[in-house]
Each structure stands twice: as C-alpha cells, then as structure tokens.
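First to last, the sequence lines map onto chains A and B. Going left to right, the first sequence walks through residues 1 to 366 as the numbering used here numbers them. Going left to right, the second sequence walks through residues 1 to 366 as the numbering used here numbers them.
Calculated from the structure, these hints are not laboratory results. Check each hint, because a few of them may be wrong.
Intra- or inter-copy, both count: the list cannot distinguish identical chains.
[Unchecked claim] Think about it this way: if two alpha-carbon atoms lie no more than 30 Å apart in a straight line, the pair counts; the simulated DSS-like pairs of lysine-lysine are:
#1 331 with 155
#2 272 with 220
#3 286 with 272
#4 11 with 211
#5 11 with 345
#6 345 with 88
#7 14 with 286
#8 184 with 207
#9 210 with 56
Please read all numbers here as calculations on a predicted model, not as lab measurements.
Protein chains: 2
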Amino acid sequence: MASRGQEIADKLTKVGESVLKDIDDGKNPSVDITMRTLSNVYFDEKTGLIRLGDEKQKRYYFNLGQAKKFLQTMLIAKQIKILLEQNKPALSIRQLFYTLKHEIPGAGENTFDIQEESDPIIEDVELMTDSLREELNLIATPNGVLAGPMVVEDKTGDVLDFTRMGSAGGAVPPIVEDDFFHIKEMSADYILVVEKYAVWNLLNQEKYWKKNNCLLLTGKGQPARAERRLLARFGAEYKIPIYVFTDMDPWGYYIYSVYKSGSINLAFFSEKAACPRAKYLGLSVKDVRDFDIPKSSWVKLNDEDYKRMEEIAGYPWFKKEKWQNELADLKKFGYKIEQDALVSKSIEFTANNYLPTKIENKDWFD
Amino acid sequence: MASRGQEIADKLTKVGESVLKDIDDGKNPSVDITMRTLSNVYFDEKTGLIRLGDEKQKRYYFNLGQAKKFLQTMLIAKQIKILLEQNKPALSIRQLFYTLKHEIPGAGENTFDIQEESDPIIEDVELMTDSLREELNLIATPNGVLAGPMVVEDKTGDVLDFTRMGSAGGAVPPIVEDDFFHIKEMSADYILVVEKYAVWNLLNQEKYWKKNNCLLLTGKGQPARAERRLLARFGAEYKIPIYVFTDMDPWGYYIYSVYKSGSINLAFFSEKAACPRAKYLGLSVKDVRDFDIPKSSWVKLNDEDYKRMEEIAGYPWFKKEKWQNELADLKKFGYKIEQDALVSKSIEFTANNYLPTKIENKDWFD
C-alpha cells in the first residue's frame, strides 16, 4: 500500500475507534459529516477557488432517520479501508456500490438499493479523511488526451513519452496522483487547454505542441475529474503559463471556470482540482474585430445562451471587471462563435496566426 | 497525398467532368445520389452485415427543390478534393461546414446555414466515391482505449507498443486506416471488446490482457466510428477470435450488434466498420445460474427495457434462434445485470473466473 493509502486507512481506523468508544461510553454512536449544502460552499477570493466551508453535522446510529445511513457509512468506510489495505485495483463508484449491495440477513432489506445512496456517502468519506476519491482508490471515467514535451512514469512501470503518442495523443488515465502518474520530465514553455477534441486534433496534426514547445490538453468538452486534477497538478508543480481556449459562449466560459476555480457541486474536489493560475486566452468578443472573424461563422445567441449568461454573470468567480465586460460585450454583440469556426479563415489560422498572436501579445485575461 | 487519396480525388474529378459534359451537351446537370432511406437498407444474411442497397436518385441543378443542394454538393465535393490534394489535416464534419459556410456574393444567401445541410451531403460524397468519411480526411471524435500485444506504426512515425501504454491504455486515434495506423505486430490470441470503461479499467489493472495474451478494447459504451472501424480491421486482417462482453440488457445486446453487423442509420459505414465474426460472450441469462450471480446485483427490467427488447427482437440480425431465445429468457427472468455487477462475487471474479471459464468452455453465441 502506498504511504498515502496507509494514512487514509489510519484515519478510517480512527473513525471506527471513535464509534467504538461511543459504544463503550454508552453514548449514541455518531460520526461527523461535513455539510455539502450550497450554504456551506463559498468562493474564496484569496485563493481563487470554490471551496467547502467547515459546517458539520453529526450522523447518529440511534436516530430513526439516520440509522440506515449510519450503517451505510460504516460499510463504505470499512470497504474502502479493506480495499486500500489489500492493494485491490481501483473501482468505479458504481462497482463499489455493487461490492456492498446485499441483503441484510434477517432484515428483509438491502444494505443499499440504488447507487444514489452510496455516492454521497463516498463523498462523506472523502471529507472524513480529507482525501480525494482517487486516493480512496475510486475512479471516474477520464476522457482527455494530451501531447507535448512531458515524460511520465506510470504506476505500471511504463514510461510514457507524450511527444511520441501518435495521432491519438496520450490518454489521460483515471488516476493522475503522483504515485500513479509520476511526471519525470516536463520541458513545456506553457500549457494550452483546448475545449474541443476536433480543435485539439487539428492542432496535434499540425504539431502545434512541437513548434511551440507546449503541452496540449483537451478534456473533450466539459472535463472529467482526471483532466481537472491533472491541470491542477500542472498549475501547482510547474511555474509555466496555463492558457484555456474555448468557444465564445457562456458554456465555453464556464468550462474555463471549472478548470480554473472548480465547480459548486464538487466544491470539495475543486480545492484540489482547480488551477487558479489558468488564464482565458479566447475566444473573446474582442477577437472578432482583432482577427476579422467572418460574419458567416457567427451564430445568433439563443434564449438558453442569454439565460446562462445571466447565471454566469452572477457567479462570484465571474465578478472581476474583465469578465463582467466580456459578458456584457457578448450580450451586445448578440452572436456566439465556436473555436472550430476559425477554420473559416483558413485551416492553419488557429495554429499559425490566432494562438501565437494571442500569446505573443499577452492578450488573455482571468 | 496517399494513393487512396489520389484515387478519391480522381473519382471526384470524374463527377465534375460528368457535370461539365452535361452542360456542354445542353443537358440539365445532375449527379447520382445513392438513397439512404430505410427502404434502401437491408440485412445481408450471407455476410451478416447491415447494408445499403443500390437505389439511386438524380440530383439536378435546374430543379427548384434541388438547385441549392446541387450547389452544396459541388461545393463539398470540390472542398474535399482540394483538401486531399493539398494534404491538409483531417477536419471534423463541423469544421468542414465552417470552411464552406459563407455568403454567396450578390445572392443575400449563405452557401450553408446549418450543419444539418452539409452532413448528409458528406455522406453523398462518401457514396459517390465509395469511400469512408475517414478516407475523405474527415473525422469523428474517438473515445476508445486499448491494451495488449500489438505494435502500430502511426502516420506521425511514432511506434506505439500497446503493452506499454500505462494505466490509461492507448487511445484510439480518429483515423485507423492502414496508412494512418499501420499494424506492424499483432500476437494476441484473441480480442476482447468490453462495453464499459470501468470494466476495461479493472481488467487492465489486473493485466488481464497480459495473463491471457489478448487485446483488450473498450469503446466506452456505444462505440464511435473509429472503434468500430478498428474492430472491423481486426476481424478482416487477423484470424483470431473476437469476443464482445456487455451488460445483460437490450442496450448491451445492441452494442454487440453494432460492433458485429453495423447500424441502420450508418448502413453504408457498416459494411466497412462491422465485424461479422464477433461472438457474444456475455453477460447472458444462462450465466446467472452458471455463475451464481447474486440476486442483490439484479436490477428489475423497466418499461423502456421491455420496449427496447421488443424492438431488438424484430431486427433481422437478431432473428437467429440463439438470440430469440436469449431475449425470451431475459423477458422471463425479468431482471437485467450490468457487467460491473460481477464485482459483487469478488473484485477478481471477472478476470479470474468469469471470462476464462466462458472462453475455455466456448460458451458464446452469435
């Protein structure tokens, strides 16, 4: 077991011991649960992260509404501890659910009936142990690919050179913690995150990452946990600039903010999987004139876009003047533009003109 | 340009020349379009493929309802030819749309307004040239990963050893044609396609592919074009068995059938991207008793499942007795089971017991 796994197992042992002590003391056994309600989520301006507060609640065994949840909490904590100690392979949260779902003998009832019961308790255990789900040996499906001057030693022992990953690029693995995905060499001058696969693929074909000595990553739209965590590691471990390039629409802006500051519904994860240093490279309304993006590639904003723009404008992490201006400019402009649309200038325009110009002119904001 | 690209460009030149000849002859210029209506799709029992028939229609220039489509057909054929001849990078069909969308001078109208106009015409051009979209240098986003004893020389020159791809496995590239993804070595004893990423990931962690000397592929649910085409290549180029392992529900069965026989809405693609040799390994209703799969992991079939089972039972490629029996058994059983659920036996059960037993006993059907 990795030392981090041992640490977590020890924390879980302490949780169990505290419950046993409650029993020995004749008290109602309980565990502390950190609240994940909206009221306990806040944007921390100092760090630029969406964070979870300290509000806690006790979950009791002798409580009609909590008894089953208490049992389920013990089952999940125990199972995670066992799997860590036995060095078992990582499971998905659905697989973990299946390892625990069974009839309670004599009770005529199951430990768990649906996965919606086990998922929030896994988050409880993450918080109890101050660890990421991935450190509990639980995974979510990754989607991203990347290419560029980085060499990684994988947990399997394989050495992965991301300059030699062919047309596909290297796949992001489900767990990117250092003991699984140890970055041995990183010589990129900057990291460029591209929202869409088609744009990443075009840049990869043009060897953009080679010509510009950068690392090129896409999460294929809204990023999964692994891509977010990987970018957070890059942000924390390397002092190179990090740029995010998305569609010019509220959905693209929001994807940028997830990479940079995290998300509300995964506020606890956000602290460890956000990259506050990330800058927004574009597309921005200002680019339309600067780069003379032809009108034929503009798409009228629809009602849903306007509604989403309003919502985003209200998020504390979009309160900076630059972002309020961008959102106001977009509203005034009345059109959205996809990153793909830059091919209407020329197929090489994104790689040879747009991106280098933006980066050279430091034409980004955050 | 690759010789296949030259071949396609030559075919497109002929299409253009035939239109010019129509004009010279004073005839109404036209092109032949293969019908893609349901009536022109059939299941070919001999090959086991869902295929497109020969029904054709003429698309005329001097026809009020067809003039714009005729123009669009010429634009797309021309653009594809240019991109092939200039050795341009491959584009997504959305990017191709953007390269062509512009105002027609003086007409106050665009060449294309929405992508729904260009997509079907790309299919027309595929059929005109008897080529895959990927051979026209157009891509769809791939999702799959694979691991096992195969070495590929990629178009980039990179040599990819799929036994050394780390925890992530090797990503499937968007184009898997031989000149992009040249398989240099393949020493697998069989190929195992796994529906879900979480199951693939578990097997990969357990080095299933190493212990069993097989190639392990997942398309992450419903496969994209690249994974289907790659499996078709494996089926055609290697004489090793190919097994598909999915959920025991109509959706899993259908995914198997897409890999094996293709799909109706991509009937033309199916001919080149199906693998009629593929066998269904499981999960099958028979497995429930054979492997004593615990009741706690069964999930009641719902109305949508029953409806889908009816539909599937009616498809000609599910008409074989074995499949009709499987569908009848599932209906009678009343429950579905996910592949993930096998961890309820033990985490190692899938790799160490279920799969080897099924394969050793030749316990598959098709």
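Residue 331 and residue 155: within-copy, between-copy, both or neither at 30 Å Cα: So residue 331 and residue 155 fail the 30 Å test inside a copy (48 Å) and across (44 Å) alike.
Status of residue 88 relative to residue 345 across identical chains (alpha carbons, at most 30 Å): Result: close only across copies, 14 Å inter versus 52 Å intra.
Up to 30 Å CA-CA - residue 272 versus residue 286, copy category: Classified as neither; 32 Å inside a copy, 46 Å across copies.
Up to 30 Å CA-CA - residue 286 versus residue 14, copy category: Close neither inside one copy (55 Å) nor across copies (45 Å); limit 30 Å.
Homo-oligomer pair classification [residue 207, residue 184; C-alpha up to 30 Å]: both (22 Å within a copy, 24 Å between copies)
Copy assignment of residue 272 with residue 220, given that the CA separation must stay at most 30 Å: Both ways: residue 272 and residue 220 sit 21 Å apart in one copy and 26 Å across, limit 30 Å.
Within, between, both or neither, where residue 11 and residue 211 count as close if Cα-Cα is 30 Å or less: Result: close neither inside a copy nor across copies, 48 Å intra and 35 Å inter.
Copy assignment of residue 210 with residue 56, given that the CA separation must stay at most 30 Å: Classified as neither; 49 Å inside a copy, 47 Å across copies.
Up to 30 Å CA-CA - residue 345 versus residue 11, copy category: For residue 11 and residue 345, only the inter-copy Cα distance (28 Å) is at most 30 Å; the intra-copy one is 57 Å.
Comparing the model with each numbered hint stated earlier shows that hints 1, 3, 4, 7 and 9 do not hold.
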